[in-house]
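Going down the list, the protein sequences come from chains A and B. Yeah, the first sequence ends on 1647 if you go by our numbering, and it's all consecutive. Yeah, the second sequence ends on 1647 if you go by our numbering, and it's all consecutive.
Keep in mind the hints are simulated off the structure, nothing from the lab. Heads up, some of the hints might be wrong.
You can't tell identical chains apart in this list, so a pair holds if it fits in one copy or across any two.
For lysine to aspartate or glutamate, the following EDC-like pairs were computed, each having C-alpha atoms within a straight-line distance of at most 20 Å [as the list claims (entries may be wrong)]:
1) K1596 with E1508
2) K1449 with E1159
3) K1596 with D1514
4) K1449 with D1601
Next come the chains, spelled out residue by residue.
2 protein chains.
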Amino acid sequence: MKLPSMPAWLTHYQRQWLSGDLTAGLIVTVMLIPQSLAYAMLAGLPPQVGLYASVLPLVAYALLGSSMTLAVGPVAVASLMTASALVPLAATGSPEYVALGILLALMSGLMLFAAGLLRLGFLAYFLSHPVISGFISGSAVLITIGQLKSLLGVALPSGNAFGTLTALAQSLDRINLVSAGIGGLALLFLVVTRKWLSPGLKRAGLAPKVADLMSRLAPMAAVIAATAYVAASGVDRTAGVSIVGAVPSGLPSPAFPALQWQQMNSLWLPALLISLVGFVESVSVAQSLALRRGQRIQPDRELLGIGAANVASALSGGYPVTGGFARSVVNFSAGAHTPAAGVISAVLMALVIAGMTGWFHYLPHSVLAATIIVAVTALIDVDTLKEAWHYDKADAISLLLTFAGVLFIGVEEGIMLGVVLSLAVLVWRSSRPHMAVVGRVPGTEHFRNIDRHQVDTLPGLVALRVDESLYFANAQLLEEKIETLIQTTPGTRCILLILSAVNQLDTTALGTLTELEKSLAARNIMLQFSEVKGPVLDRLHSTPLGKRMKNRIFLSTHQAFLAFTDAHALSMDTARRTPWSSMH
Amino acid sequence: MKLPSMPAWLTHYQRQWLSGDLTAGLIVTVMLIPQSLAYAMLAGLPPQVGLYASVLPLVAYALLGSSMTLAVGPVAVASLMTASALVPLAATGSPEYVALGILLALMSGLMLFAAGLLRLGFLAYFLSHPVISGFISGSAVLITIGQLKSLLGVALPSGNAFGTLTALAQSLDRINLVSAGIGGLALLFLVVTRKWLSPGLKRAGLAPKVADLMSRLAPMAAVIAATAYVAASGVDRTAGVSIVGAVPSGLPSPAFPALQWQQMNSLWLPALLISLVGFVESVSVAQSLALRRGQRIQPDRELLGIGAANVASALSGGYPVTGGFARSVVNFSAGAHTPAAGVISAVLMALVIAGMTGWFHYLPHSVLAATIIVAVTALIDVDTLKEAWHYDKADAISLLLTFAGVLFIGVEEGIMLGVVLSLAVLVWRSSRPHMAVVGRVPGTEHFRNIDRHQVDTLPGLVALRVDESLYFANAQLLEEKIETLIQTTPGTRCILLILSAVNQLDTTALGTLTELEKSLAARNIMLQFSEVKGPVLDRLHSTPLGKRMKNRIFLSTHQAFLAFTDAHALSMDTARRTPWSSMH
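Please model the complete structure; the sequences and the hints are all you need to start from.
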């Protein structure tokens, strides 16, 4: 892949795009400030690490990514996965912990970038939607449970959902009521504004778009109000309300993280999983936004863009980033035309880091917890479960198992379980193919299931249609079906396989058919094929089976029936009309 | 599943079967004696453990298995896997090592038995044939390399193929020439008899079957000759030739192996993999033999049979067993009618253990190594590689990677790599479906690829046939294809998806189609389906998409074309004849 020196949006930038990009960049920044502080807390990292992850990564993505509206930066799920990867390796918040977070971003970035160069963008679609939904919902519930302790001002060790809830129940007497009060009020304010502010403003006459965007500023308002209250009242000293405290100002000088073999060895799997999840999420957000404007994104370039963003994050003291759902939607709605909006956010964030970090000193942790809880509960997705439950139980069960895996085993285990389940459902489904013995619809050249329709069959000929590609997991079943048919249909002289739905035929299935042909021939039963698809036929021709069967492969089932009547001195009139099956 | 109290072959045993079963039981025993000693050596276990694994397991399988001719007992690949599992945990041949081997058999047996009760027999077909072939060939090469040290009388640590060969090259000066001479002669004898004895005997007038069976007795002859030579010459004392030594006589008293949590924790994965590989191998051997006689085996009952055999092995001091290829073929050829042949082998083996173990004292290890090498080199399978290479490169590459994985990474890693490759090839293949824009073959109701045939199309209608089931890994590609078609075909008013080859439509693909339909509707482009398969249509009907599209799903593509001409006041005469594509 040739990397363009300058992205097209930049070289062809048009002036009329600027106002949309400026507005969107500003609004996203106002969302990004509390979110970057909150998600750093969720990841167990000091607040400035979240701020650092919100500057250079945005610029790197703007230069290499393909989406016009994806807002890159710290997100909830990747922060949870970061915490889950680092907690076993170092004390939360310690310098080693921070160094490991930076290393994790570097490794994830290099993996994504390498995958982009190898054009592995198609991997974005290798997780089924129900499994992604189960994983995100599980993560959201786990994050919410984990944030209860910050919301209530109780210090608790991290753990799985069950452990955290148990520990919390045992520590109810240690709740800091002032913290909990501030957090509870913030939560109430955020829920109310989320639910009623936008409709209220619309009824008051505001344009719907403006009303929606206004409601997105609520977290910033909560942060400002709570910070002002704590600073004025001094409850951090008098009542022990946990606050953010000193945040170093100034941008970190770019530095290459120290590489240690042993650390990399324990981080490669988490880095791989964060890359996979981050990439899949980014692509699905970017894609759905692009489609609304008739634009396209390129998964291979997304790998490069998100990969570069993570490398940039690592080089500037940040932690793993990816495209976030909520901020991207706001960016889109606020009128972002190009990634210039992201660059503008980055510049504004850099200004905040350079001179305004002191303002966050009195920000209470419980308010950050409230913003996280409101943000992630929006990610809990019951609709997909309902749809899947009605449409396809196997998908619904995959969703529930992935959800349960995240909550009760662990985040990494949950996503790995999801990958395995995606594949297992695929194999399980195609391993039991639908097969139908067919006959001719009287007077036509159409052939239908003898169990569903009144059709004509020829004595001695069994025509079997297989409704699935044939491969290692189902070839044996076809063989068994044919053996059963021969045993239940005395006098069978010919088995006609109708391969109209066989899109693939792998080496294992080819071997099974080769053995089957020989075994049938030894019993004076002829194997024939009809309606073989072009690509399958092309490959079949050069095989020993293809050569043996050269004159027994028919273009249409009708031709095969005619050939059988000729060969056995029958006429179509000798056809037997099948009775209606007792099943129908 | 109801377990029958007595198998049918036993309750309906016919006298005329007895001579075949007796002959087969006897010949298999003659093969089994040297093999059980040799495979125990390969597994790093004392010789008697191999003998113990050749008694009760045969009886247990006879009572519960479904194959009439499968010969159960110690086999090469499972012995290699046992060594690979136990070597990191205890000193080879130590009492703990033996105890772990017994525990491994117990765990594997319980897993298989449980899988049988859960009717998971279909798992036998979840590994592609090329991957199994690569795994077996890799194991055979690894075993051969590993046995070189016993053949040459050099003591070397175990390791992967490369390490063992390197260590061997550095120890060439420590070869025991007498051991190597005896082993070399045995190897030569076995190779010559294998290659020329049977044809020679046939030319001499023996019946082919008898000649084949005679050649199978060569290993026993080599064992007897070598043992007699060592006993008479005393080279074990004078030249340090390594011999089997004292083998305790008498049957072990059944005992339940000691269970320790920590040991079970390190053995569950090896036990699972041995179960999987052993089961897959057993079923494929049993199936191919059953087919030759028009019999069937039942994978679920095979799980119970092999599971019970392993539990029986553990209870009587043995190690993991499964159905072996070579002995099963001999059992079949020698005329075994029922598992009574296995019971007869078991009785004979019990007699050997009871009174004849002293005879193995002077048996040289180098001769056992020679019998192993000759047995496993027959398992190296180049034909499947050749076939796969011609037919399907992806399958051939899976085979080679699995082969290399076993040789250079490890046995367990190799089989896990194989499972992943089987699935990955499946997904990769169906993730890039063949799609064709079709038109009407003039004057017919047939529709063909516009790039391959001269066909009629209607202005404004794009008819796209998808040659693959739609699911999470390819749904997005369909959407992209349609967007590209719309951009390259101005004036498109209708997209007709021909779903004749879509056997499945999962929740993810349903979601993609639902979004696509909305997105097209917003652009005044109508989505239509034709030739939807029954099972797909049944499920589609109750979904929101199915309800929205109720009147836009056509039985045939022809009907969809007619409806389009009606709706747009066109006639089929307005169809445009497509030119021959520049591609053809």
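- Task: Could you tell me which of the numbered hints above are not met by this structure, giving the numbers in increasing order?
- Result: Violated hint: only 2; rest satisfied.
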